[in-house]
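**Student:** The primary structure of each chain is shown beneath.
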Amino acid sequence: MNVAVAKTGKGRAVSDLFTSAEGRLPGSPGITAVRREAFETYERLGLPHRRIEEWKYTDLRALVGEVLPLAAAPDAAALKRAADAVKAHAIDGAHKLVLVDSVLAADLSDVKALASEAGFKTLRETLEKDADLLKTATVDAVIALNAAMATDGVVLSIADGVQLSAPIQIIHIATAASASAFSRSQVAVGKGARATIVETFVAAGASAYQVNDAVIVSVGDNADVAHIRLMDDAPDAVNVTSHFVTIGANVKYNFFNMTTGAAVSRLQGFITLAGEGSELSANGVNLLQKTEHGDTTLVVDHAVPNCVSREVFRAVIDDRAHSVFQGRIIVRPDAQKTDGKMMTRALLLSDEAEADNKPELEIFADDVSCGHGATAGALDDSLLFYLKARGLPEKQAQALLIQAFVGEAIEQIADDNLREHVIGIAERWLERRS
Amino acid sequence: MALLEVKDLQVRVEEREILHGLTLTVNEGEIHAIMGPNGSGKSTLSHVIAGKPGYEVTGGQILFKGEDLLEMAAEERAAKGVFLAFQYPVEIPGVATMNFLRTALNAQRKARGEEEFSTPDFLRKVREVSKSLNIPQDMLKRGVNVGFSGGEKKRNEVLQMALFEPSLCILDEMDSGLDIDALRIAADGVNALRSPKRSMVVITHYQRLLNYIVPDVVHVMSKGRVVKSGGKELALELEASGYAQFEDAA
Ligand SMILES: Nc1ncnc2c1ncn2[C@@H]1O[C@H](COP(=O)(O)OP(=O)(O)OP(=O)(O)O)[C@@H](O)[C@H]1O
Ligand SMILES: [Mg+2]
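Same order as they appear, the protein sequences are chains A and B.
Residue numbers for the first sequence follow UniProt numbering, beginning at 1 and rising by one.
Residue numbers for the second sequence follow UniProt numbering, beginning at 1 and rising by one.
Chain A on its own, in the form it takes in the complex:
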C-alpha cells in the first residue's frame, strides 16, 4: 500500500473511507469482493498527481488532497431543497431521473412516465445480481475508487428502434456539505434507436462536497444519440467524472460537455468507435473564473475504418482560473480512412488566467486524415471598442463576445430547446462575472 498517500489524509487512514462506508454500499457478497479489490487498486495508486502523465495538469493530490467521507442519506430538509433544485434545473418536457447525493430519489423522478419508452433500474438493483457494471476497460485511481464506492446510479436501456419522445435528464443534486458522493450509471442504446440524454450536476445548499461519477454508454448500430453533460456544481465543490462510450456502426453520436461550476473538475471521456461508418461529434465548453480548475480530457479511439470524429472545444478563463484540454485521437492499424479532427480555442480574460492544451495524435494507419488546431488569446480590442462605441458597457461588450466565442461549440447541439437551455446556463455564468 502507498504509505505516502495514507499520510496525506489529514489524520484519517485512507481505508477508513471504505470500511466506514462498506455497510451502506449496495451489492451481494460477491460484489463486495469486487469492490474491495477496486478499493485496493485505488489505495495502491493513491489520488492522481502530476507525475502521472494523464494527470500532469490536474494534480488531484495538490488540488484536492483527500477524499471526504461518504455522504449520509439525505434528511427531509435536504430532500425539500433537492425538490426545489429539480424545479429550477429541469428541462421542459424531459423525463427526469434525480440522484440526490448519488442515490436515486424516486419521488422526484419520472420513473413511471419513462417506463413506456425505456428500461430503467437503479444501480442498486442491478448490483444485486452482477458486478459487470463495476468493471471498465480503462482503470485509473478515480475510476477504481468509483467502482469501490458507487452507491447508486441509473441503468437505462433503450430497445432497438425506439425513438425517445423526450430527452432523459439525469439530475445530480448535492445536498450534503463536506462529504463525497459516488454514482455510476449505464445507458445502453439499442440498434436504430434515437435518444437524447442530458446530465445535470448542481448543488442544493451544499458546499465543499466531492462528486465522483462514472457513466458507461453503449450505442447500437444505426442509432442516433445526443449526450449532453452540464456540470454546474457549487463553486467550492470537486467533480471528477469518467465516461466510457462504445459506438457501433453507422451511428451518430453527438456529445457536448459544459463546465461552469466546481473548484476542481475533470471530465475524462474514453470514446471508442467500434463500428464502421459512424460520426462522432464531441464538443465542450469550459467557463472558469476565480481560482477554478477545469479539465476536459477526451480519448477518441478509432478502432475500425471509415469513421469521422470532430471535436470543438472552447475555454473561457477569467481571474486566476486554469483550463485544461487534453484530446487524444488514436487510430488503430486497421482504421483506414479515419477522418479525425479537433479544434480548441481558449479565451483568456485576465493576465493570470491559464490554459493548457495537449492534443495527441496516435496514428497507426496510413490512409487517414487527422489534425488538430489550437489558439489562445484575449478578446479583440477593436471588436470591444466597436461595441462600446455603440453604448455597451465593458462587461456587457465582453459578454456578447464571449457568448459568440462559446457559441461555436454550443451550436453543435442540434435541438433548439436544449441549445437555449445551455445558453441560459452560460449566461448565468456571465452574470456571475460582473
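Hint data in this document are derived by calculation from the structure and do not stem from the laboratory.
Since this is a predicted model, take the numbers as computed values, not measurements.
Each hint can be trusted.
With a straight-line Cα cutoff of 25 Å, these simulated SDA-like cross-link-like pairs (lysine to any residue) come out:
#, chain 1, residue 1, chain 2, residue 2
1, A, K112, A, A73
2, B, K141, A, D381
3, B, K141, A, R428
4, B, K141, A, A414
5, B, K110, A, A404
6, B, K141, A, L379
7, B, K141, A, S382
8, B, K125, A, Q396
9, B, K125, A, P393
10, A, K252, A, N222
11, B, K153, A, D381
12, B, K65, B, V217
Chain A is already provided as a structure; the job is to place chain B with the ligands on it using the hints.
**Tutor:** Showing chain B with the ligands alone in chain A's frame:
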C-alpha cells in the same frame, strides 16, 4: 448653441503627434464637412471623439454639450448622443445583428435612465429603418457585418445611426466603397435624420457626397490641423485645385 467644441487638441499615437492643436466648433443642427489628404488625421479626430483607446491627448479639450467628453468612457459618450459611423466597420462573427442592435439600444437607454424598448416596438422600429435603407431583413440575422459587402457595412452604420438617434453623427468616409445608388440611399438615410437638434460631421474625400448631404461649413484638414474653413463652395474649390495650396499653410 455649440454642440461640439474641439479646442487646440493635441493627440499622440505611439509617441508620434498626429493632431497638432486642432480647433473645431459644431453648433446644434449644423452639418460640417471635413476634407483633407490621406493621413491628415481625420479618422484620428473621429476616434478620439468616440473614445477609442490608444490615443494620448497631450493638450486641449473636447466639450460636448458643454461637458468634458474626454473624461467619459466610450459607452457613456454613445449614451449621451455621440455616434461614429466607422470608416472600416469591424465584423463580429457570432453576434447576431438583431441581438447586437437591441442590446446596444437598450444599454444606451438604460444609461440615460429611459425604459428599455419592448421587443415588438424594437422590431417595428428596425423594420421601418432597414426598409428605408434597403437593407434586407435576413441580413440582420447574420453576425454583425459578417459577410456584408463594403456598401452593406456602410448602410448598416447608417441603420444604427437612425436607430440610436444620436445628437452628433460623425460619418467617416461613409461614401467610400458605395456605388452610386447605394450612395444615394445612404445619403437619403442621413438626410432623413437631419434635425435642428442634430449635428453631423461628414468626413469625405469627394465633393459628390456633399451634393447629397449639403454642408453648412466645410473644413480643410492638413497635417493634424484645420487649415481653412468656409462654405460649401470650398469643397468645389478643393475639387478643382486639390490640397497642394494648403500643404504649406499647415
Ligand atoms: N494606431 C496608429 N499607430 C501609428 N500611427 C497611426 C495610428 N493611427 C493613425 N496613425 C497615423 O496617423 C496619421 C493620421 O491617420 P488618420 O487615419 O487619422 O488619417 P486620415 O486623415 O483619416 O486618412 P485617410 O484619408 O487615408 O483615411 C497617419 O499618418 C497614420 O499613419
Ligand atoms: Mg481616415
